[in-house]
Amino acid sequence: MIFYRPHANEVEVFETAARNNLPVLLKGPTGCGKSRFVRYMAEKLGRPLVTVACQEDLAAADLTGRFLLEGGQTVWRDGPLTRAVRDGAICYLDEVVEARSDVMTVIHPLTDDRRVLPLDRLGVELSAKEGFLVVISYNPGYQSVTKELKESTRQRFVSLAFDYPNNEIEAEIVAKEAGCDLALATQLVRLGQGSRNLRSHGLGEGASTRLLVYAAALVKGGLSLKDAAEATLVHSLTDDAEMTKALRELVRSVLG
Amino acid sequence: MPAPTIKIEDSLKATMEEYGVTAADLGMEAESDDEAERALLAHFLFTEPKRQSLTGERNGLPLDRVQRQLQALLRMLSGHNFRIAYSDPPCTDNVNVYLPKAAPAPEEPVTDLLLYRVMGLVQVGFVRSKLLRERSILAELHRDWVLRSAFHLLAARWILRRWGDEFAGLKSDIARVPYLEKAGSMRVNVMAVPRDGMPEAFLPLYEGLVVCLNWKTAGPAGDPARESVRRVDALQPGDAAYRDGTVAASLFLAEAQKLREHFRKLRLGPPPLPWYLGVIRPEWILADLGRNIAYENEWKKGQLPLRQLLSAMARNGVGAKPGEPNPGGFGLPRLGLRDRLKAALTGPSQSNAPAYGALRDEHQQKQAEQPEQKWAPGTSADQALAEGEVLKPDENGREYDEWDYKAGSYRFTAVKVVEAEGNSGSKESYDRIVTANQKQIKEIRRRFEALRVEERWLHGQRDGSEIDLNRAIAAVCDIRAGQQPDDRIFKRFQRQKQQVCILTLVDVSGSTQGNILAAEQEAMVLFAEGLRTLNFPHAFYSFGNTHPQEIGIGRIKGFDEVYSEGVYKRLANLRANGATRLGAYIRHAGHILSNRPQARRILMVVSDGKPEDRGDYRGTYGIKDTAMAVQEVSRAGVHCHCISLDSREDAGTYLQEIFGKGKFLQLESVDSLPKRLPEVFRGLVR
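So the sequence lines, in the order shown, correspond to chains A and B. For the first sequence, our numbering gives the first residue as 1, with consecutive numbering after it. For the second sequence, our numbering gives the first residue as 1, with consecutive numbering after it.
Calculated directly from the structure, the hints in this document are not laboratory data. Being a predicted model, the structure only gives us computed values, none of them experimental. Warning: the hint list may mix true and false statements.
[What the hints assert, rightly or not] DSS-like mimics (lysine-lysine), calculated; alpha carbons at most 30 Å apart, straight line:
#1 A:Lys220 x A:Lys245
#2 A:Lys245 x B:Lys661
#3 B:Lys663 x A:Lys245
#4 A:Lys245 x B:Lys675
#5 B:Lys624 x A:Lys27
#6 B:Lys439 x A:Lys245
[As the list claims (entries may be wrong)] So, partial list: chain B residues that the calculated Cβ filter (under 8 Å) puts toward chain A:
#7 Leu77
#8 Gly79
#9 Arg83
#10 Ser172
#11 Ile467
#12 Val476
#13 Cys477
#14 Asp478
#15 Gln484
#16 Arg488
#17 Gly662
We put the beta carbon where it would ideally sit given N, CA and C, even for glycine.
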């Protein structure tokens, strides 16, 4: 089973929401484990998972499906959302605020007690199979007025707020994910924590848990800790010359 | 101890006079009958050669060059949000960190940076560990110089040891610093002390604490100084005094008291401090506490403006900060804080501070003498009145309600906002800013260029440069399936305009006078230069009123106004004026924005402090009303974001209450405003 280390009661909340067919919204900073959590929960609940990485050109038709030509015949091909509705899967729309607004319109009837998906092209209204669940995620830290979730949409979901785990848990995650020893993971986590202290004070975001795992993997792959930190925790976080120097100083202070 | 042989020379007496120091100032009243003792102390205080190297005559690396980097590093290490300002020697007021403007000569950037780092670590350590929070301990330290120096040495050792334990890389830095020649300069309070001839009694303490930061303790066994150092070193991470600053402070105070007695027996003054360890200034921290008390008292009593009261306190040297005159003269003024506060607040006074009652009477008399002031945008009402100009507010002003949190209801039509043209001046100011910032403007434009249009393929068009293959297939499929096909089978590349408009509301209240106003002015010009290339509808307004019920908002550039000579002049000629009735301004800006056709409306507020105005528009009232105003405009579809120039750590609390989490940015330095304003805007619309 995929590794996931719970931070608080998120597993319990998700399970209860899933049992009651309530859609779930995950919000939190980049790389804090939202997508991993959904994968974990899908496995735990024994439900198939359909993941869609949303982007600005993603339209409702891309989710529902379309007719295609196959050997001179027109064939309907389900989109990922339709597939999830039919299979009783968890449909995870990652970074949903990036998608076009019509995507939200499509998922609305799936998020209330109707649990239906109207397919205009087929002239049918699909009822969601037992087990179907809509999960969406977004990062409120973007602060962009063009990337905000509407209040009416937000209120359709059970919300789980994610943040980076505390040092011990994060070190455990990094060690487990990268297969490195706990001492190395602890050092990397301290670097990560340090960089997060600079959020909104020079850095847009601090180092994500994912970046820490990358750094640990590089070290495990034979790179020196300093080089791994430079490649992941310094240059991936900023282009600003002074902040780069400060991050290097942080690396040196922590690693010695 | 060898008998002191040094006598006070005339030149030393002159130096003492120059600095306004008497034997009593040195805290030696009890043993002042011994001439030799004072002579010895004077020798340590006023030796000339070292003083020169510490006055910055041959400076090394200037702090400005590394300030941002240093601040970022210390923030990352400590998790503490503070600001770096100037002071020599280094110190802290428990919120911010003060470091020397430049490291002393010779020029060695790497060494200097190392020195700054360790200086910063000591001061941040004080703040982070909350060592200087207890008022009783602060009062003790304030009273006794010897006690303070001994406490400082023990505390600094503890702080540096904790940093070293926590960060392996810092341990080597900390160990290197004492061996640097420039860091080795010692001082008692602000003066340099030569190490040669230092009394033996100081050596164990000094060497144990400072020179041997490889954690060896020097000095003979059983020596009180050595024992104190040993007790500090014996603290283990599991001990309360290792983890908890309050417990540690009590321990250090107890040890310092023992040392003080020891030094007194030996007829010694305070132990010398190495320059890089800085000084503890309990009077600053106590003065801040005093300000809070004074504010609360003033608030309870109602009428007297706090500024006058604080001025009275400042005149008496209570809480003098770097750059401010401190009549205490020497770095260790005997302030008698409690008495001075009492005098400033209640009078009658033995000091020069006007008594509270006198201040109030004076103020009320002035108020009565002054004619009623009318608001004039961008012009000081006083000046306008002096010029004999009759300033009539615009009759078309708009009235707004105010939220009274105590009553839990609105005060209807509590304030009228009158819009008028902003202050103007010469266009040269604008040209000067543009000329001086060509490079930055170019960079802003380059970055904004990416926002100007969305360059992308628009799919599903009835007409376009290319066939949209997916949709064409879908159409064929529909035809074959016997359905009505969608004829939108083309795609075209479009540079689509963003549907965004922005109103920038800039605070030009009286408190911005000086470098804040200059930075705001520069930021406005740079931002305007960037926005011009974007063709986003945008407007600039300034606020700062002089009349509580009828307040003015200065139009620098309206939404429908094109860039003209007048706009340039107004952009670069802001004038500080009045106070900050922010709720009303936000409501008015929201009203302007609500008339815009764009789907996304942004209100960017640039302010330097809490919303405060005359009358009861202060403290919680101002904050709650402004928060309510932000909610109102948000409901009307306006996204409100604030850039605050209030860098105090506690400012985040009221900013979050007003604007909400993630909807404000506290700038660490006023100077960074011109750079950050366009960046914040870019982040909002990207």
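To see whether the hints hold, each was checked on the structure:
1. A:Lys220 x A:Lys245: 25 Å, holds
2. A:Lys245 x B:Lys661: 29 Å, holds
3. B:Lys663 x A:Lys245: Holds, at about 28 Å.
4. A:Lys245 x B:Lys675: With Cα atoms ~19 Å apart, Lys245 (chain A) and Lys675 (chain B) stay inside 30 Å; holds.
5. B:Lys624 x A:Lys27: 28 Å, holds
6. B:Lys439 x A:Lys245: 23 Å, holds
7. Leu77: It holds, given that the least Cβ distance between Leu77 (chain B) and chain A is near 6 Å, below 8 Å.
8. Gly79: 5 Å, holds
9. Arg83: 10 Å, violated
10. Ser172: For Ser172 (chain B), the interface hint holds, since the closest Cβ of chain A sits about 7 Å away, which is under 8 Å.
11. Ile467: The hint is violated - Ile467 (chain B) has no Cβ within 8 Å of chain A, the shortest such distance being about 15 Å.
12. Val476: Holds - the Cβ of Val476 (chain B) comes within 8 Å of chain A, reaching about 6 Å at its closest.
13. Cys477: Holds. Min distance 3 Å.
14. Asp478: 6 Å, holds
15. Gln484: Violated: closest Cβ of chain A sits about 11 Å from Gln484 (chain B), beyond 8 Å.
16. Arg488: 12 Å, violated
17. Gly662: 6 Å, holds
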